[in-house]
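Student: From first to last, the protein sequence lines stand for chains E and V.
Residues 579 to 926, numbered by my numbering, are exactly what the first sequence covers, in order.
Residues 882 to 1171, numbered by my numbering, are exactly what the second sequence covers, in order.
One or more of the hints may lead you astray.
Claimed, not checked - Lysine to any residue pairs mimicking SDA-like chemistry, simulated, CA-CA at most 20 Å apart: (1) K1143/V to K701/E; (2) K701/E to L1031/V; (3) K701/E to I1157/V; (4) K1143/V to N717/E; (5) K1143/V to A723/E; (6) K1143/V to E722/E; (7) K701/E to V973/V; (8) K670/E to V735/E; (9) K701/E to T976/V; (10) K1143/V to R724/E; (11) K701/E to A952/V; (12) K1143/V to F823/E; (13) K1143/V to F714/E; (14) K585/E to S822/E; (15) K701/E to N992/V; (16) K701/E to Y1092/V; (17) K701/E to A1097/V; (18) K1143/V to S822/E; (19) K670/E to S822/E; (20) K1143/V to Y1092/V; (21) K701/E to A1053/V; (22) K670/E to F823/E; (23) K701/E to V1153/V; (24) K1143/V to A1097/V; (25) K701/E to P972/V; (26) K701/E to E971/V; (27) K701/E to L800/E; (28) K701/E to F1160/V; (29) K701/E to V1154/V; (30) K701/E to D1055/V; (31) K701/E to A1054/V; (32) K1143/V to V719/E; (33) K701/E to V977/V; (34) K701/E to I1162/V; (35) K1143/V to T718/E; (36) K701/E to R1158/V.
Claimed, not checked - Distance ranges between label pairs, derived from CB positions: (37) P999/V to V613/E: 49 to 59 Å; (38) A865/E to V973/V: 46 to 56 Å; (39) P923/E to R966/V: 33 to 43 Å; (40) R1068/V to L602/E: 14 to 24 Å.
Keep in mind that the hints were calculated from the coordinates and are not lab data.
Each residue gets a CB set at the ideal place from its N, CA and C atoms; glycine is no exception.
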Amino acid sequence: MRTGDFKETYGELVALVDSPPVWLWSAVLIAGLIVAPYLLNSYALSFLMIILITVVGALGLNILTGYTGLISLGHVGFLVTGAYAYAVLVSKYHMHPLIGFLGAGAVPALVSLIVGAPSLRLKGLYLAITTLAFSFIINTVILEARWLTNGARGISVQRPEIFGVSFDSDPAFTHLCLGFAILTLFATLNIRRSRVGRAFVAIRDNDTAARVMGINLHAYKLFAFVSSAFITGIAGALYGIYLSFVSVEGFPFLLSIEALAILIVGGLGSALGAVLGTILIVLLPEATRMVFGLFSAQMDALFSTGAQELKSMLYGLVIILFLRFQPRGLVGAWHDIRRLWVNWPLRY
Amino acid sequence: MQYLIQLLVSGLAIGAIYGLIAMGFAVIYRSTGLVNFAQGEMTMIVAYMAWTISTTISGNVFVVAIGAILAAIVLGLVIERVVMRPMLGEPVFATVMVTIGLAVILRSSINFIWDAYPHGLDIGVGRSIIRIGSIGVRTGQIAVIAMLLLLLAAIWAFFRYSKFGIAMRAVAADDRTALLMGISATRVHSIAWAASSVIAGIAGVFFALTYDLSPAMFQLGLKAFPATILGGLDAVLGSGLGGLLIGITENLAGGYLGSGMKEVAGFAMIIVVLMIRPFGIFGERDIERV
């Protein structure tokens, strides 16, 4: 009888999945997601697209906040930098979209080097403050650099055509987002399995111990920050394409908070958590609207006028409540349920 | 020359407001070791409450002042009791995230409790312009600078001489030893939150008096970050003076380099300070480098 999930070798500890059936279920899920765009109506499809794009960004932040334990309040800055890098390269200079995506990752990564190098030398919350400052500086920089970014007018972006395959239709674009989401998922899972990922987690858990083990704290923190910015930048490019128009207003500060809420709700430091958190947070405002809409039409009206405020209030509440009552997030709850299922009626 | 002096004076006035909010940061950091990301939002809420008092109860200056201070104390105590105290003993990461969540909630609550339009807090003082030579200054601007200096002196004396001020320093230095000496840490925390809320609230009310009241006021809190980093996160007096420096820098940058630079100058300062002197000009605690 199976009594639990035991790791007996080091190989099992770094395995990509717990057990072979996980591969099967993942394949079923991916097949489902490939078919889904043809079945869903356009409203539901837009949610699917948003979820897939947000997953990329949340996984990016997860490397920094989840694995390495550093708070960034300015990830929206990397999102907007990535979106502009793509828009400038592809819409303005007519480069190949793949070069655009590469630029969307590389430009934020370079910028993050400038922000991260001074602030990551320090212990404590300084990264949160500098990234917060950065996300405001970058908006001013974008608005001032009119020759490159058209200032406040923004740049319109077409959906790309890569090697003769057009991603113009909604289902096709969903597939593109799905591709990026799966790539990012594998990338972050593999980072976590590698020497680098273990170093990140060691820094998060106890930086003095990590240093004693020979981990160069500054270098690894900086690497976490840069790779996180790279992935977030790509998410920004995808989001820009989704909006079909890149401007500073399209990337409000709330997105930074949303990303942190996703990680906390999902469970810090877990890729599965980032995915679950994204689904919950993206659907939360809509779900709340439906629940309250049942009671009265007046509430429904409130939701449509104050949508942005209600959203931010929900994110704030979710952050506080999860930290207080379920600090391990949805993943923690899932692990508890799984253990209960395996061990029942015994406690362990 | 006159342009320069005008810039300096208005820089000092806005800097005094940043300085007050930055002192609020530092009071909480000193006694709880926690960066309160909701400081700007608390500033804004107190200003809105003062506005409500002035429109509903009485527009008398003293009524509004006392009402606003009481409201700020209640706000600080409620936040500490309801939101922060349950997080006592949790890792810093979690408590800081809670203040971020709180910030977002307070920010959006403005639109539900009040509305999204700008208002003027008009109680008959603060807006008249005094001319000194060829320079025009609003009375509110002079008053806020005086208020900052007054509070700086008061807080210095409080931490230096009063028993409770010494207790707060003890909790900040080593909370476990302070507990053994019979100091109630939770009491110190709640007083710190109330004090910080009052100091920030004064800044908010003065800002509303001299300029106006709008849901974008929380950005004052963001501008106060450079002030407290420059002055030292753990230095209450330093943060106040840091505010003045940031205010002047920002206005000079705005006046000579363009309005875009005005928004950025303070934030650029953070990065410079962290590179050169990460514990700030007046900060005592050594910050560990890695």
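Student: So, against the hints stated earlier in the document, which numbers end up violated here?
Tutor: Violated: hints 1, 2, 11, 12, 14, 15, 16, 17, 18, 38, 40.
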